[in-house]
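Student: Based on the sequences and whatever the hints tell you, model everything.
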Amino acid sequence: MQFFFEVLIGGLLSGVMYALVALGFVLIYKASGVFNFAQGAMVFFAALTFVGVMELGAPFGLALVITFAAMVLLGVATEKVVLRPLVNQPQITLFMATIGLTFFIEGLAQGMWGASVRGLEIPGIQDEPIEWAMDNWGIGISKFDLFAAGVSAVLVSVLAVFFNKTRVGRALRAVADDHQGALAIGIPLQNIWRIVWAVAGFVALVAGLMWGARNGVQFALTFVALKALPVLIIGGFESVAGAIVGGLIIGAAEKLGEVYIGPMVGGGIEGWFPYVMALLFLLVRPEGLFGERHIDRV
Amino acid sequence: MLYREAGQFKATYQEDQQIFPIRQDRIAIASILVFFYLVVPAAANQYWLQAILIPVLIFSLAAIGLNILTGYAGQLSLGSAAFMAVGAFAAYNFMLRVPGMPILAAFVLGGLCAAAVGIAFGLPSLRIKGFYLAVATLAAQFFIVWALTKFPWFSNYSSSGVITAQQVEILGYAFISPESKYVLTLAVVTVLALAAKNMVRSSIGRSWMAIRDMDVAAEVIGFRPMHTKLSAFAISSFYCGVAGALYAYTYLGTVEPEGFNLDMSFKILFMVIIGGVGSIMGSFLGAAFIVLLPIFLNISMHVLGDWVPHGLASNLELIVFGGLIIFFLIVEPHGLARLWQIGKEKLRLWPFPH
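The listed protein sequences correspond, in order, to chains G and S. This note's numbering applies: residue 1 is where the first sequence begins, and numbers increase by one. This note's numbering applies: residue 1001 is where the second sequence begins, and numbers increase by one.
Since the hints were derived computationally from the structure, they do not count as laboratory data. Here the structure is a predicted model, which means the values were calculated and not measured. Do not take every clue at face value.
Just the calculated beta-carbon pair ranges, DEER-fashion [unchecked claim]: (1) S/I1029 to G/G268: 43 to 49 Å; (2) S/P1152 to G/L73: 47 to 53 Å; (3) S/V1331 to G/K143: 48 to 54 Å; (4) S/K1197 to G/G119: 54 to 60 Å; (5) G/K165 to S/K1197: 55 to 61 Å; (6) S/Q1046 to G/R293: 54 to 60 Å; (7) G/R293 to S/F1352: 55 to 61 Å.
Note that beta-carbon positions come from the ideal geometry of N, C-alpha and C, so glycine has one too.
Tutor: See below:
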C-alpha cells in the first residue's frame, strides 16, 4: 500500500509538471484558437537561453529577467511574422505554421547556444526525498517535485487572478469568446495576441526551468510537449483548470500504469498509455472534462 | 490558345464521365507518363532514381492517402507513418510466412492490414473532431511503433527490430537494379493515384466531401457518418500501408519501427498542406517539395560550407526549413496545387486575355 501511495504521489507531482506545459497550450488556444505546437520548442528555447545566459556569468535573477525578455520578444515576433499574415486561415494551416515554427525555434536555440546537454540548478532545491515524510509515513516524496508543484500552484493562481480580475485579463477572455465581438467593442486584437504569446512565453520559461532542472537541458525537452497533449484532451483545450486536473490524472495514471500494467505487456508503455487513456476518455466525454461543449447547428 | 476546351463536345456518357474530360489534360498526362516510364529510367543515374525519384513517389502515395482522409474527408490525422509501418511489417510477414506469396499480393495484404488498423483507430472519429481527433490519432502513432518494437514476432525475432525486405520478384523477374525498382514503384503509384482520382469524384468521394464540409448537414441529407468516416480511414490507411510496403521493399530494403516516427507523420502532413489540401496532384507536388527541400538545403550548405561553421549548418537547415514552411503557408495557404490551378486559368485565356 505504501508503495502504491509512493507511486501515486510521484505520479501526481510529475503530472503537475505536465500541467505546466499544457497551460501554455491552453492560454494560446483560448485567446487565438491556435493550437500552438511550438510550445515544446518554446520550453526548450527558454531553458537553453536561461542556461546560456547563466554560463555567460549572469546571476540567477538577471538571467531570469533576460530570458523572460527573450521569450516576450519571441512571442511578439511570432505574432507579427507568423500569425498576423495568417488571420482567417483554417485552423489546420495555423497548426502547420506552428510546426514550422517548432523547427525554426529548435534550430535557433541550438544554433545560438549549442546542442550539448547541460545541467540546471535551482538554488536551494535538491532532488532528494523529504525526511519527515520518509520517517512518519515511509513514503519518499522528492523535495524538488514538491517545489515544482508549489510553483505551479502559484503560477495558476496568478494566472487565474490575471484572467479574472484585471482589465487585460477581461479583454483576453472577451477575445477568446468571440474575436469579432471583441473587435467591435474596441479591444485591440493584435495587442491581446501579443500579450497572450508573451504570457505563454513566461509559462514556457517556468516549465523550462522546472523540466530543465529535472532532466537536464537537452533536446529531449521538446518532447515534453507531446506528453502534454493527452493532458489537454482530458482537461479540454479551453480550460486552465482542466490543464491542471488533466495533468494530475495523466501523471498518476501514467506512473500507476507503468508499474502495475506495464510488466504484463513487457514495459515501456509510458509513451502511449496516456494517449490511449485519453482516447478512451474521449469516447465518454468528447470535449474533455472542462472543455466547452459544442452545439452543432445546420 | 493551347489550353482551351471549346469545341470539345461530349457525345456519349462515357466521354462525359472520363477521368480527364479535357483533351489537353489527357495529352499532358499521357506525355508525363511516357516521360516517367520511358525517358527517366533510361536517362537518370542511380542516385537520382534511388535517393530522389523513388522516395518522392512513395511519399506521394502516402500523401494521397492522408489527403483522402484530411483533404477530402476532413479528419485530421497525425498517425500516417504508423500506418505505413503496419503496411511494411505486414507485407514482410506475409512474404516470410506464406510460401510462394506473390509480392504484389503481399503489398495489397499489407495495405489491407493497415486499413483494418486504420478502422480501429478511426472509431473515435465518430465521437470527436478537430484537434481532439488529431491528438487521438497520435495514440495510433505511438502505440503501433511501440507494439512493433515490443513484440519480436513482427520482426521475425531479429535482435534490433530491424527487418530486411525479401527480394522483389514478379513472374521470375528479379527487381534488383534501381531502374526496375523505380518502374515497379511508379506502376503501383500510377494505378493507385488514378484509382484515387477516380474515387474522389465518385459517390464515395462526394460523401467524404459532404462530411468534411459539414457533418451534421451531411447526416441530415442521408450520408451515414460511420460508414463514410470509417471508409475514409480505411482507404487512407490502405494507401499509407502500400506506401509503407514500397518504402521497405523498393526504397530502403531494411526498415525498423522507429523509422516510422512522428517526424515522418508530420512530413507527410506537410506534403499535404504544402501540396494542396484536397488535391491528388498536390500530393505529388508536396511530396516532391518536401523530399527535395532538405537535399537542396544540404547542397547549398555545402556550397556555403567554408564560412558557415560546421555545428551551425544543421541548425541553419532546421531554421531555413521551418522558415520556408511558414513562408509558404503565408504566401499560398492553399498549396502548390492552387498555383497550378491559377496557371491553368491564365493559360485558358492566353494569349488573348479579352
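Student: Does each hint fit the structure? Answer for all of them.
Tutor: Going through the hints against the structure:
| no. | hint | in the structure |
| --- | --- | --- |
| 1 | S/I1029 to G/G268: 43 to 49 Å | 48 Å, holds |
| 2 | S/P1152 to G/L73: 47 to 53 Å | 50 Å, holds |
| 3 | S/V1331 to G/K143: 48 to 54 Å | 51 Å, holds |
| 4 | S/K1197 to G/G119: 54 to 60 Å | 56 Å, holds |
| 5 | G/K165 to S/K1197: 55 to 61 Å | 57 Å, holds |
| 6 | S/Q1046 to G/R293: 54 to 60 Å | 58 Å, holds |
| 7 | G/R293 to S/F1352: 55 to 61 Å | 57 Å, holds |
Taken one by one, the earlier hints all hold for this structure without exception.
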